[in-house]
Amino acid sequence: MANTVIGEHSRVTLHFSLKLDDGSVVDSTFEGEPATFSVGDGNLLPGFEKALFGLKAGDEAQFEIPPEQGFGQRNPSNIQKVRRDSFSPDMELEPGLVVSFDNGGGELPGVIRSIGEDEVTVDFNHPLAGQTLNFHVKILQVDSIQ
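In the UniProt record's numbering, the protein residues as written are 1 to 146.
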């Protein structure tokens, strides 16, 4: 079914690259194994899936996803002050370090932004929040699934 186009009930195999507006590459499969996913399985951003609709095997496309359709805008209330004694005394704290907290429903990762005498500033925003996502995709295979 070489003419199957990507839609609601598709399994897609593709290569992709994701760049930010400054040109930095966040992720790419072009030098390795392609990615495979089922549309609507919840593993990808809805804006990414929607941008693929109508494409078929052999197609290449470039598109951008604004923050509102990606990981949202940065939220200042997601930057929290955490008591320094909440961390293990033998943990070496430094800006940029990713730390995880148990929020009762699972692990919540955050990035240390600054370290004070009694408290540590931790940013719980997604690292790509506030960023426009620039994708380049090459569709390798599209299968219809029901």
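It is possible that some hints are incorrect.
[Claimed, not checked] The calculated DSBU-like cross-link candidates involving lysine-lysine, where the alpha carbons are at most 30 Å apart (straight line), are:
#1 Lys56 <-> Lys81
#2 Lys138 <-> Lys50
#3 Lys19 <-> Lys50
#4 Lys19 <-> Lys138
#5 Lys138 <-> Lys56
Treat the hints as calculated values from the structure; they're not laboratory data.
Each hint, compared with the structure:
1. The straight-line distance between the Cα atoms of Lys56 and Lys81 is roughly 48 Å, outside the 30 Å bound, and the hint therefore fails.
2. With a CA separation close to 15 Å, the supplied pair Lys138 and Lys50 stays within the 30 Å bound.
3. The suggested pairing of Lys19 with Lys50 holds, with an alpha-carbon distance near 18 Å, which does not exceed 30 Å.
4. Between Lys19 and Lys138 the alpha-carbon distance is near 15 Å, which keeps this suggested pair within the 30 Å criterion.
5. Under the criterion of a C-alpha separation no larger than 30 Å, the hint pairing Lys138 with Lys56 is consistent with the structure, at around 9 Å.
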